[in-house]
Each structure stands twice: as structure tokens, then as C-alpha cells.
Amino acid sequence: MKTETLLRLENINKTFEGGVQANRNANLVVKKGEIHAIVGENGAGKSTLMNILYGVQQPDDGKIFLNDKEVSITSAREAKKLGIGMVHQHFMLVPSFTVLQNVILGYEPKQNLVFVDNKNAEKKVQEICEHYNLTIPLHSLTQDVSVGIQQRIEIIKAIYRGAEILILDEPTAVLTPFETEDLFKICREMVAKDKTILFISHKLKEVLALSNRITVMRKGETLVTLETKKTTEPELARLIVGRDRIWTVGKQEKSFDQKIVLQTKNLSIKRSSNSYCVKDVSFHVKAGEIVGIAGVEGNGQFELMEALAGLMPIDQGEMFFNGSSISKKTTADLRALGIRFIPEDRMITGASVKASIKENLMIDQNDCAPFISKPDVMNWKEINEHSSKLIKKFNIVAQGPDTLVGTLSGGNLQKVVVARELSGKHKCLLVLQPARGLDIGASEFIYQQLLDAREANNAIVLVSADLDELFLLSDRILVIYEGEIVADFLPDKVTSEEVGLYMTGAKRTTPNTGSKM
Amino acid sequence: MKNSKKSVNSLVSILGVFLATMLFGALIMLMIGKNPLQAYAAMFSYAVGDVSAITNLMNRSMALILAALCAAVASNAGIYNLGGKGQIELGAIAAAVVGYKLIGLPIYIHLPLCILAAIFMGIIGAAIPGYLRVKWKVDEVISTIMLNSVFFMFTSYLANYPFRDMTRWSGTTPPVEESAKLPFLIQSVELRSGIIFALVAAAIVYWIFNYTNQGYRWKMIGLNPRFAQYGGVNVGKDQMKAMILSGLLSGLAGAVLVCGSNYRYWESIAGPYGWDGVLIAMLAKNNPIAIIAVSFVFSIFKNGALGMEQVANVPSDLTGVLLAALILFITGREFVSILFRKRKHIILVDEEVKQ
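These protein sequence lines are chains A and B, in that order. Mapping the first sequence onto our numbering, position 239 (from 1) lands on 402, and the numbers just tick up by one. Mapping the second sequence onto our numbering, position 124 (from 1) lands on 1301, and the numbers just tick up by one.
Be a bit skeptical, because a hint or two may be false.
List of simulated lysine-lysine pairs, DSS-like, C-alpha gap at most 25 Å [as the list claims (entries may be wrong)]:
no. : chain 1 : residue 1 : chain 2 : residue 2
1   : A       : K517      : B       : K1414
2   : A       : K356      : A       : K382
3   : A       : K417      : A       : K433
4   : A       : K517      : B       : K1418
5   : A       : K537      : B       : K1414
6   : A       : K492      : B       : K1312
7   : B       : K1414     : A       : K491
8   : B       : K1312     : A       : K491
9   : A       : K449      : A       : K428
10  : B       : K1314     : A       : K492
11  : A       : K544      : A       : K517
12  : A       : K433      : B       : K1314
13  : A       : K348      : A       : K366
14  : A       : K491      : B       : K1314
15  : A       : K544      : A       : K492
16  : A       : K392      : A       : K442
17  : A       : K442      : A       : K428
18  : B       : K1314     : A       : K537
19  : A       : K232      : A       : K194
20  : A       : K428      : A       : K382
21  : A       : K433      : B       : K1312
22  : A       : K244      : A       : K356
23  : A       : K194      : A       : K417
24  : A       : K492      : B       : K1414
25  : A       : K286      : A       : K273
26  : A       : K433      : A       : K366
27  : A       : K356      : A       : K286
28  : B       : K1462     : A       : K517
29  : A       : K428      : A       : K590
30  : A       : K449      : A       : K286
31  : B       : K1418     : A       : K492
32  : A       : K243      : A       : K356
33  : A       : K194      : A       : K366
34  : B       : K1414     : B       : K1462
35  : A       : K366      : A       : K491
Among chain A residues calculated to face chain B with C-beta under 8 Å, some are [to be verified]:
no. : residue
36  : F254
37  : P397
38  : L474
39  : D478
40  : I511
Source of the hints: derived by calculation from the structure; they are not laboratory data. Glycine included, every Cβ here is placed at the ideal spot set by N, Cα and C.
Just chain B, with the same shape it has in the complex (with noise of 0.2 Å):
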């Protein structure tokens, strides 16, 4: 219950920083002769005013809340996962190809196999460097990064070539067949049910981190492996747990980005997903319903950029200082709640066991 009460108070706060990134946008507008409230009004209609528009505004959330979480499951058992662009990468791709090659299923055995596919790809993308930094203590920021071109380029590699769409100009694959394809949520919109994966998978998550023995330990290796290892926690295989969650997570991403709303992997089908992600989770300070609110308001500025530059002529790169002014407030809440908070307790010093 107190993690609850928790989250309610990280929504609202978000809720207004959300509205301060307006407000500050509106003075931007304001400063080179726009018009904020007319420019608003189109980006919200662009995001939220119609079934499609909502349609892709959910389309964007559900992959970048995956994204989120996986980078969220890794950095909060003090292993980062930057990887995630690769992952989501393999994971679609290993979607897309179950999803043609396999004719004739029924979509009760088609559409798991599928996302069974895009899970174990993305798994082994993590579980890479999670296993060489485990073992041989390689840097996993550095090598998560490195990779990340590695599987864009084998990706990419398969797409051109053995499972191209001749049809197509290059970097296809053929589209999925209708058994693989996620169920409705509105038909006449082409809304699948990604959203409700994403939404589950976020709630499994902070299950996991609120109410398990694992979330506990990775908790605890998060906050100060060396006192983890001291209590008898085997940090390595956890930490190795964390990655295979963390690529688990990124190949689902994959998975509900072709069989949720593309239906076929094209390249770099991840785009920004895999980095947004990390960004959010860092936002969302790791908590998988903050990254849920933040995911959406992120979406909403994305999508609505392009109705404030039709409609009202406001540049569409202002989208751009309005994330930076979002990702601004996030962080300056913190400040501000710090300069306000109460001092109950003097805060100790390492010095008294260094003196």
C-alpha cells in the first residue's frame, strides 16, 4: 500500500511537470509570434482527437514502455542494459520471419510462436554481454552499445537478403500472415491489443519489484552490491536474471511492434524506441507505472508534432525543446523537492568510520 500511495504521488507530480512543459512551450510560441493555444489545440487533436489518432499514440507508448521497462529491469539491479535498439531489433525480426515463413496455423499456435521467437532472440542479445560482464567483468554500458550496431547490421544483413520482399525497394521482410497478427482491440482503426501487453508487462514488473524475493535482491545489488554479496546474494546470477528480463522485455517490444502495428520488419524498425526507452526509465526513476504516465506524455508530444506544425505553423523542432523542457522539469522536480523537504535527520557521513 505504501508503494501505491507511492505511484499515485509520481503520477500526479508528473501530471505537473507535464503541464509545466506546456506552459513553458506556450512562452517559446509566445516569444516568436505563435499562437500556444491554437498550436496546442492541434497537437492534442493530432495525439488524442480522433479512434487513428489514438490509434497511433498507442502504437508508440506500447514500444516504448517495453523499451522502458527493459532498461528499467537491468539499471535497477545495478546493470545497464543500453542495448535495447539491438534487441528490439532481433526480437522483430525473428517476429516478422515466424510470422510469413509459417503458413497454415491456427493463430493460438502462430501468434505465440511468434512472440516465443521475438522473447529468445531478444534474450540472447541480452544475455551477451550480461554473461561477459558476469563472467569477465567486461564493461556492459560499452559492450550493450557496441552491439547494438552488431545486430542492426545482422538484421539488417537478413532483411536485404535471404528474407527480403522482392516486392518491395529493400530492407523488408514480406508481411506476416493474418494468424500472426495480434487481436483487435478496434477493429475499424487498426488497433491492436500491443497497448495491453505492454500494460501487463508493466504491471508483471512492478509486481516483480515490489513483492518478490528477486525484485528484493535486485533491489538490494541495485542500491550496494557490495553489501549484497556481504549478505550471501549471488550478485552475478542475478544480475545475469536482470539482463534475461531486460532481453526479454526488448523482444517482446519487437514482437508487438511487427505483430501489433507493422506486420512486417523493415530496418532499424526499432528507430528511436531503444533510446527513448532509457531515457524514460531514467525519468521514471525505474518505476514501471511512472513509465507507463511518461511513456504516454513523451507520445503525445511526438505525435502531436506534426498538428502544431500543419495547423498552427509552429516548427515542428519545437517538439524538441519541449522534450528537453520535459526531461528538464523531471529532473528539477527533484531539486525542487529537496530544497523543500523537511530535514528530520541529519544524514551521515562516511567520515565518522573513516576519522
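Bound conformation, chain A alone (with noise of 0.2 Å):
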């Protein structure tokens, strides 16, 4: 490995409208030929970081240099002429076209000026897939090659546009084991030859076996750049996690009665034909239990909780709400037996943007009394006064029961889902990454909704990514992991260093979750 710099970012800052500070002074150093992995939390900023470098994302301040020359990165096309090249989590292909035509789209060489060279692209590519000992089905249908192969059609076309520097964005979470051990021999086989590579993960041991040196991110800022030899896993997983928020809201110690609310039993729902997302899971909740879920976003927590609110069916397996099944309910009869939802993603699921606060309170009883007159007809006065009360009793910051949700700020958007979750009957809580893109305001007030939730004696399943929110809350904690239960903990007999080896993946048990009732 050369040592000389090829990249350096220097307090690059990122705050998104609504107040979301993404990126936090980070710094970054990248020596050219190497491996260098970027891990953190979800929403540690590491995506941001990396769509600023790639032009997607114009920092708000900060400097870039690529061999030692300060460069501004305006756009994607800025990149790629600057030698950047980024593979996506999600990949950018026409499935119809043949695996050359997505390589060269956009870049291909021309016969007479207007026609596309195929000779020529294919020797061209030929050349490229020879040099780094790749091989390709040149002439198959995108649509029919593998995943493994499509992230590779990615790194091909990053490499025929003439990156030098390849970002690799989360490349092992669609693969499987086998297809990620050959990622890292084509990782491999490039830095061999001169190319440099961003590797950004959440998995330890991945970033571990392949990286040379790696960086961590936590809340926005680059923590540390450490070198992959000198250290090891718990270490790496400390750095992550951290804890250094001191929160105001803490759960009151209190006995269960033993009264199981929801419960799963070998519940599995398919990806595809052949891998599952969700496999096997048994859990239970009591009523006034938060049962904390652990897990790095992408392995089946999303869902298991989609399905748990009758909003994706399930493949094998049986849910029980109150000892009588549930499996096959629709959302509504859920609601209606007191099953709330509040959702991860409140801009789409959680909420209807261009809708006002009322109507947005009311999408679950629009058809109850009080809130239609006669019937069918909506009492609107009736729905006003109730807007307005919720407006007030949680300090939702906006003009009136009018206003649209759209206008209001992240923190006070939750508060409406929240205020719609827990207005109407509920006696079970699904509730995902509650507190995400939140300042601390807000999220102690949403924690302290679920905490008084709690008290009266509501089951609550608390899915998150951010395990200070989970040791702060859950009664106990489960780590899911590709799907799996992995773990299951009382918080205060664990570390978050130890519950972070077991979201990554670094270790697991067989628990007994299902057998202990």
C-alpha cells in the first residue's frame, strides 16, 4: 500500500431544512490504493458524507481536495470527470438491456458520430473485465443475472466511466455469503491495481476482513480513523454506539401481571421464492412490557412489524393478540381491537403530507362516533374541537387544526402520528425508530408518551437501530439479525457493546424466547 494522500475532506457541515445536522465537522483522509471502510450507526451521517463527495449533496460548508487541489463537486457528472465512481445500495440498471448496454449507457463510443460502436464497447469493456479478472455475461439480459452480478455491471460501468476512487454504498447487504466473499476478491484484485476504494458497512467483521484502515461516524462527526490491524471488534462497536446522551425521561421499575398481549409463533415472510426476511421468529409481549428490538436497519425488523399491523402478509407462522390469532386480519381490525402503528417512515406511511392536521388524526375513525353525525356524514365541528385538544395536549407547534402537516417540522410531525397512535383505543404499540431525525426535545417527549403508555398497561414492541433509546426504554431486549432472533437481554445485564456484536452480526445464541411462556 502507497501512503500518499489522495483524498481529503475537511469539516465538511450538512444541516438538511428541518434542523437535521447530517454532517458535524467531519474530516476524512483517504490514501490512494487502499480499502477504506466508513462504518457508523444509521443516520451517523455516513450516507450524506458520501452523496456530498459524490455531487449528489452540496455541503453547506467545508473543503474537498483530490491531490491536494481543492476541487467543488457540483453534481454527479462533476464526479465522475473528477475520477469518482459510486456504487448505490439500490442499483441504477435498465433490466431489459443486456448487461454491455447498462455498462456503457450514457458513455457509449460512437461509429459516424450518431451510432453506438457495439465493437467497439464490447472490446472496450472486454479489456476492463480481463484487467481486474472479472467475468461477466456480456450479451445476457440484466433482468436475469444475479444480484452479485448486477452490483458488478455497477462496478464495471463505475470503472469504464473512468473512476478511480469507487464508493461502495452498504455493497454486502444484498449478497449472499458466497457472493460477498468474491465482492471482496474483485475489492482486492482493484486496489491491487491502483484504484482506491470507500467501503461503507455496518457489519464489523466484513469491514474488519477486508479494509485497510477505517473510519468511524457517530451523530454527524468522523470520531476516529483507526488502522484495521490495530483493532478489533468490541472495540469498534464502543466507538459506534457511544453514550453520552444524558436523558431526563427514564421507565419506573414495576411488576408485570403475566398476561401475554401479542405473540408470534415461527413467524416467516419470504424476500423471494427462495430467501426469507422474517424466519422463524417466536416472541411475546406482556402488557406493560416494552419489548426493545435490536437490529441494523435491512434485517426483517421493518417486516415484522408491517406484519404485526396486518400490512404485509406472512408466509408461515401465526401472530396472537390476546390469545386468539390475528394472521389473517386486515389493518382495520387491527385498530380496531387497540393494535396502533406508528411507523419509521412518517413522511409516507405515518402521515399524509398535503393533508391537514385534522384530516391526518382522523384516517382511523373517520367512520366512529363522535366523529361522523348522521351516519356517513363527517362531524366536522365534533373533529375540529378534537384536532384542537390533541393540537394542545401534545404541544404540537402549529397554527391550528388546518394547518398541513407538510409545513410542520419533523419533530412536530411525529407528534401528530403519535397523537393520532395513541388518541383512539390502544392496548398494543408497534412503534419503529420513534425518535429518528429528532432532536432531544422531541424525543424525550415522544419516549415519555410511550412510558405513560406503558404504565397504563399497553404492550409495546420498540423496533430501533439506536441502542440508547432501546437501554433507556425496554423492559427487554431482542437483536434480530437476517431475519433471526439472535439474542434476547435484560438491559441491565448487558452491555451496548455486547448487544452490538450481536445486531452485527460478531455473535448470536439460540434464545428461547418462544419456549419461556
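Using the hints, put the two chains back together into the complex; each one sits in its own frame.
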């Protein structure tokens, strides 16, 4: 490995509209010919920093130096010109094109200035493949090849476009272990031939196996850059998670009645015909208990919650509410039973941003008294009063019930969602990342609401990647990894580092959640 | 009350757009050396100058209003019914056949039967693509457009073979009985009460949209179907209901065309109404009150075109230019209002959630 500095990012700051600071004085030094891993939790600012480097987003301030020359990267096209390529988590390929067509798309060699010179194109791409020892079926249709090959197409596409620095955003998230091995081989081959790779991941094992150096990001800052050889998995887990927030809310010790409210037995959901996103999950939640589910995004927790809320069909297993099966119930049925859902994606699922606050508050009760006067006629007067009350009770900063939800800040938007979910009959709450992107004040408010619901004997499932949140609120912590529950802890008997190891797949046990009742 | 204020605002702005269009037309006429004052005088006298002109205006407007309501009810609920033309044809031939086949019934039985038959056929025409969409996710934009041809050929066959009026050229059914015609508003100029049907339909749709449970759910589905589903709304069922009401309105349009002004079915009786209706619904942003206003403006331009050509020697093609300008101005209205609106809040982008 050579030691000359290729790329330097200095004091990058980026704040999104709505006040979320995604990058805070982020610094990064990348050497030529290295594999540089960037690790951190969801929302730590990894993707934002990479998007800035790739020209998709513009920093508020800060400098980028390439080969010691300051550059400003205003667009992805500009980034490509500078030799920066990116392979996104979601591939940008045309499924009906051949592999070759996808590689050369937009940068086709021309014949007589007009026609695509296919022969020349094939020769060029073939040269790249040979140089890096890649095999790829150039003439197959892209839709027919595996995900691993599609990723390879993206990599070749970036090199074909002249990338010297290649950004891989969570490249292994979509791959099987075997494909991951292949990808690592390709990466090593490429750095051996003088390319430089930025590897974003939260799977620590992979990072340790592949990279030369590792930069840890937390809450928008670049915490530290370490030599891979000189660090260990527990150290990384501790750095990533960090524990520096002090909360003014906290749960009261209490004893539970032993009534199981929500239960799943061997629940499985298929992602495709031969892979599962939720695999054989059995767990239960008692009345008045908050069960935290820790997991890195994309390990099946989202699908699990959607299934419990009646928004996604299940393939195997069964779900129970107060002892009776709810596997076949619709969302409306489940809501009538008192199962409420606070989704992660509050801009699309949790709220309708083009509708007013009162319309948002009514979605699940639009045909219930007292919000209808005669059958089927809305009682807007009652709805206005009800909405005004909730706005006051939940401290929603808004002009009134007619304010469009899309004009509210993130915290207030989430308060609208929580106000709705907690205003009707509720016995069981399914909560996903409730404080994501919110400031401390709004987060604490939401937490307090959840704790109040716990006091009121609700069964609560809290899914989060934020261990702070889970340790603060949960009575039990389960860990989900690749669709399976791999651990079951009491929060005061475990450290966050330990949970972090399970979240990243470094450790696993076979928990006995299913049989403990 | 907030809704009615909104409606008044939209009426005022539609009037403004109407005047801007006229001004724009005047400029073009000056450029081609015609007298705009003379042309507009002719346009208005042909469109609203006397009672018979008003009859024509009402007859065109009533069909446009109903066709536009048909499009608006569906698209407000996030499902698109571009099959207005075919469904109006179905409704019209049903009304015409019931209207001439049944003889000797009193008007209070015969006329309702005609209207019910038309509505029934209209509903069938809209329910088919609605069901395909809800059940099998068949894109209703495509299926409704394709069914237009199917229904047109079907009604054309009926009018040319089983129900053809042998005394006429072709593609026409016999005239309906007197008992199948709508009551008169003004007998001397044969103005019947179809326009009342259209206005009442608009008022009912307005009421459904703003005051009922169903209207609220349709709006929520139209704005964000994922959110509606999450809130426990049965999206498919409600969209199916929207398609049924939409088909009902186009069937009704067919009935008033036959029972209110033409008294028989002829091939392509729906003419441009189906598509103009879609356009008007879009321009009026699915607001029933605005639909009434835009429909009248549309009709004035279309009916006045002949006058402009005959009296002021302005080519009737200019009407096309005027209608295009009307569309531009209505769309532009939004752009202007965005430009001048004070930004009170920052619209949150979903980057926050994504980051």
C-alpha cells in the first residue's frame, strides 16, 4: 500500500431543511490504493458524506481536496469527471438492457458520431474485465442475472466511466455470503491495480476482513480513523454506539401481570421465492412491557412490524393477540382491537403530508362516533375540537387543525402521528424508530408518551437501531439479525457493546423466547 | 364555510383567467388584422345572445359538467377514469332504446326508467376497469381508454343493426317517446331541464367530497394511498365505489343527452364530451363548483366560434387557440400564485428521514 494522500475532506457540515444536522465538521483522509471503510449507525451521516463526495448533495461548508487540489463537486457528472464513482445500494440499471448496454449507457463509443459502436464497446469492456479478472455475461439481459452480477455491472460501469475512487454504499447488504466473498476478491484485485475503494458498512466482521483503515462516524461527526490491524471488533462496536446522551425521562420499575398480549409463533415472511426476510420469529410481549428489538436496518424488523400491523402478508407461522389468532386480520380489524402502529417512514406511511392535521388525525376513526353525526356524514365541528385538544395536549406547534402536515417540522409531524395512534383505543403499540431524526426535546416527549402508555398497561414493541433508546425504554431487548431473533437480554444484564456484537452478526445465541411462557 | 370561501376564490380566479384569455385572443386577432371587438360581440351573441343560443349553451354545458364530474370523482380517489366517452355512449343508447321501445307509459315511470337504464350501463362501463384494477392491478388508465373503443363499437353495432331507425341514414335509433323526454324549462326554444340535473349532480358531488365520510376517505386515498391503507381504509373497495359513482355520472350524461336534447341515439353522440370532461376536471382540480364555471366558459368559446367566423370573418380555428390559451392560463394561475405566495413555513423534505 502506498501512503500518498489521494482525497481529503475537511470540516464538512451539512444541515437539512428541518434542522437535522447530518454532518458536523466531518474530516476524512483517504490514501491512494487503500480500502477505506466508513462505519457507523443509521443516521450517523455516512451516506450524506458520501453523497457530498459524489456531488449528489452540496455541503453547507467545508473543503474537498483531490490530489492536494481543492475541488468543488457540484454534480454526479462532475464527480465522474474527477474519477469518483459510486455503487449505490439500489442499483441503477435498466432491467431490459443487456449487461453490455448497461455498462456503456450514456457513455457509448460512437461510430460516425451517431451510431453506437458495439464492437468497440465490447472490446473496451472486455479489456476492463480481463484487467481486473472479472467474468461477466456481457450479452445476457440484466434482469436475468443475479444480484451479485448486477453489482458487478455497477462496478464495471463505474470503472468504464473512469473511476479511480470507487464508493461502495452498503455493498454486502444485498449479497449472499458466497457473493460477498466474490466481491471482496474483486475489491482486493482492484486496489492491487491502483484503484481506491471507500467501503460503507455496518457489518464489522466484513469491515475488519477487507479494509486497510476504518473511519468511525457517530452523530454526523467523524470520530476517529483507525488502522484495521490495530483495532478489534469490541472496540469498534463501542466507538460506533457511544453513550453520551443523558436523558431526563426514564422508566419506573414495576411488576408485570403475566398476561401475554402479543405473540408470534415461528413467523416467516419471504423476500423472494427462496429467501426469507423474517425467519422463524417467535416472541411475546406482556401487558405493560416494552420489548425492544435491536437490529441494523434491513434485517427484517420492518417487515415483522408491517406484518403485525396487517400491512404485509405472512408466509408461515402465526400471530396472536390476547390469545386469539390475528394472522388473517386486516389493518382495520387490528386497529379496532387496539393495535396501533407508529411507522418509521412518517412522511409517506405515518402521515399524509398534503392533508391537514385534522384530516391526519381522523384516518383510523373516520367512521366512528363522535366524528360522524348522521351515518356517513363527517362531524367537522367535533373533529375540529378533538384536533385542537390533541394539538394542545401533545404540544404540536401549528396554527391550528387546518395546518397542512407537510409544513410541520419533523418533531411536530411525529407528534401528530403519535397523537393519532395514542388517542384512540390502544392496547398494543408497534413502534419503529420513533425518535429518528428528532432533536433531544422532541425525542424525550415521544419517549415520555411511550412510557405513559407502558404505565397504562400497553404491550409495546419498540424497534430501533439506536441502542441508547432501547436501553432507556425497554424491559427486554431482543436482537434481530438477518431475519432471526439471535438474542434475548434484560437491559441491566448486558452492555451496549455486547448487543452491538449481536446486531452486526459477530455473535449469536439460540434464544429461548418461544418456549419461556 | 372554509370550503365555500375556497370555491368563491376559485370562481373569481376563473373569471380572471377567462378575461386574460379574451385579451390574449384580441391580441392575436389584431395581429391578423381582424377586429376583436366585432369578433367577440359576435361570439357572445352566438353563444348567449338569445334564448335559442342559451339553449345550445345549456345543452353543451350539461354534458360537459357531467363528463367532468365523472373524471373528477375517480381521480379525486386516486383512480383514473378516462373512459367517459365510452360510458356516455353506453348510457345514451340505453336511454334511447328504453325511450323508444316502451310505449304508453306515463312520464313519471318512463323517464326514470330511461335514466336508470343509462345509469346502469354507465356503471357497468366503469365497474369493469375498476374491478380489473382493484382485483388484478390492471392499469385503469390503459383499460379505460381501450374500453372506449370497445363500447363505441358495441353501441355503433346496436345503432346500425338491432335498433336502427330504418327511415334514417345509418347509425341512428328511432326518436324516443314524448314520455321519455325531460320536462321543459323554456318550451318555446326546446330548452329542457338537463342542466338542472347537471347542477344538482355537481352539488351532490360537492357535498359528498366535503361533508361525508366517503368523501374524506376518497380524498385521503387520492392524496396518499399508502397512508390510507395504514390507517385501516379499504383502498380497493373505496376506489371501486368511486368508479361506480363515476360510471353513474357518465351514464347520466348519456341520458340527458338523449332525453334532454337529442331525443335519439346516434353514433358518437358523446362526441368530444368525454375527453373535454377529463380536461375540465383537471383544470378545475376536481372541484365541482369550479367544474360548473369552467364548463360554461368552455361552452361559450365553442358555441361562439361559428359567430366569430360568420360575422367577423375570424377563422373558427382561432377557438382552438383560445382554448389552448385558456388551458395555459389556468395552469399558469398556479405558477403565478406560487410565485407570489409568502413562504410561511419551510416544506420539509423527506431527506430528513432518508439521511
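Results for each hint:
1. At most 25 Å may separate the alpha-carbon atoms for a hinted pair to count; A/K517 and B/K1414 meet this at roughly 23 Å.
2. At roughly 35 Å between alpha-carbon atoms, A/K356 and A/K382 are farther apart than 25 Å, so this suggested pair is violated.
3. At roughly 38 Å between alpha-carbon atoms, A/K417 and A/K433 are farther apart than 25 Å, so this suggested pair is violated.
4. With a C-alpha separation of about 23 Å, the suggested pair A/K517 and B/K1418 falls inside the 25 Å cut-off, and the hint holds.
5. The hinted pair formed by A/K537 and B/K1414 meets the criterion: a straight-line CA distance of about 22 Å does not exceed 25 Å.
6. At roughly 19 Å between alpha-carbon atoms, A/K492 and B/K1312 fall within 25 Å of each other, so this suggested pair holds.
7. Straight-line distance between C-alpha atoms of B/K1414 and A/K491 comes to about 18 Å, which keeps the hinted pair within the 25 Å bound.
8. Our distance criterion of 25 Å between C-alpha atoms is met by B/K1312 and A/K491, whose separation comes to about 18 Å.
9. Under the criterion of a C-alpha separation no larger than 25 Å, the hint pairing A/K449 with A/K428 is consistent with the structure, at around 15 Å.
10. As the CA atoms of B/K1314 and A/K492 are separated by approximately 22 Å, the hinted pair is consistent with the 25 Å bound.
11. Distance restraint check for A/K544 and A/K517: the Cα-Cα separation of roughly 21 Å lies within the 25 Å cut-off, and the hinted pair is therefore satisfied.
12. A distance of roughly 21 Å separates the Cα atoms of A/K433 and B/K1314; the hinted pair therefore holds under the 25 Å criterion.
13. Distance hint between A/K348 and A/K366 is fulfilled; the C-alpha atoms sit about 17 Å from each other, no more than 25 Å.
14. Annotation: proposed proximity of A/K491 to B/K1314 holds, straight-line Cα distance about 21 Å (limit 25 Å).
15. At most 25 Å may separate the alpha-carbon atoms for a hinted pair to count; A/K544 and A/K492 exceed this at roughly 32 Å.
16. Simply put, A/K392 and A/K442 have alpha-carbon atoms about 35 Å apart, too far for the 25 Å limit, and the pair is violated.
17. Distance hint between A/K442 and A/K428 is fulfilled; the C-alpha atoms sit about 11 Å from each other, no more than 25 Å.
18. With a C-alpha separation of about 34 Å, the suggested pair B/K1314 and A/K537 falls outside the 25 Å cut-off, and the hint is violated.
19. For the hint linking A/K232 to A/K194, the alpha-carbon distance of about 15 Å falls within 25 Å, and the restraint holds.
20. Note on A/K428 and A/K382: the hinted pairing is violated, with a Cα-Cα distance of about 37 Å set against a maximum of 25 Å.
21. For the hint linking A/K433 to B/K1312, the alpha-carbon distance of about 22 Å falls within 25 Å, and the restraint holds.
22. With a C-alpha separation of about 20 Å, the suggested pairing of A/K244 with A/K356 holds against the 25 Å cut-off.
23. The straight-line distance between the Cα atoms of A/K194 and A/K417 is roughly 54 Å, outside the 25 Å bound, and the hint therefore fails.
24. About 16 Å separates the Cα atoms of A/K492 and B/K1414, which keeps this hinted pair within 25 Å; it holds.
25. Pair hint A/K286 plus A/K273 holds up; C-alpha atoms about 13 Å apart against a cutoff of 25 Å.
26. Distance hint between A/K433 and A/K366 is fulfilled; the C-alpha atoms sit about 23 Å from each other, no more than 25 Å.
27. Proximity of A/K356 to A/K286 is assessed by CA-CA distance (about 20 Å); at most 25 Å being required, the pair is judged to hold.
28. For the given pair, B/K1462 sits about 15 Å from A/K517 by alpha-carbon distance, which is consistent with the 25 Å threshold.
29. Under the criterion of a C-alpha separation no larger than 25 Å, the hint pairing A/K428 with A/K590 is consistent with the structure, at around 20 Å.
30. At most 25 Å may separate the alpha-carbon atoms for a hinted pair to count; A/K449 and A/K286 exceed this at roughly 64 Å.
31. The straight-line distance between the Cα atoms of B/K1418 and A/K492 is roughly 22 Å, inside the 25 Å bound, and the hint therefore holds.
32. Restraint check for A/K243 and A/K356: the C-alpha separation of about 19 Å stays at or below 25 Å, so the hint holds.
33. Of the pairs offered as hints, the one joining A/K194 and A/K366 holds, with about 22 Å between alpha carbons and a cut-off of 25 Å not exceeded.
34. For the proposed pair B/K1414 and B/K1462, the alpha carbon gap of about 23 Å is at most 25 Å, so the pair holds.
35. For the hint linking A/K366 to A/K491, the alpha-carbon distance of about 35 Å lies beyond 25 Å, and the restraint is violated.
36. About 17 Å separates the beta-carbon of A/F254 from the nearest beta-carbon of chain B, more than 8 Å, and the hint is not met.
37. A hinted interface residue such as A/P397 counts as satisfied when its beta carbon comes closer than 8 Å to some beta carbon of chain B; here the least separation is about 28 Å, so the hint is violated.
38. Annotation: A/L474 was flagged as interfacial toward chain B, and the flag holds, the nearest CB pair being 6 Å apart, inside 8 Å.
39. Of the supplied interface hints, the one on A/D478 is violated, with its beta-carbon coming no nearer than about 20 Å to a beta-carbon of chain B, more than 8 Å.
40. Here the hint on A/I511 is kept, as its CB sits about 6 Å from the closest CB of chain B, short of 8 Å.
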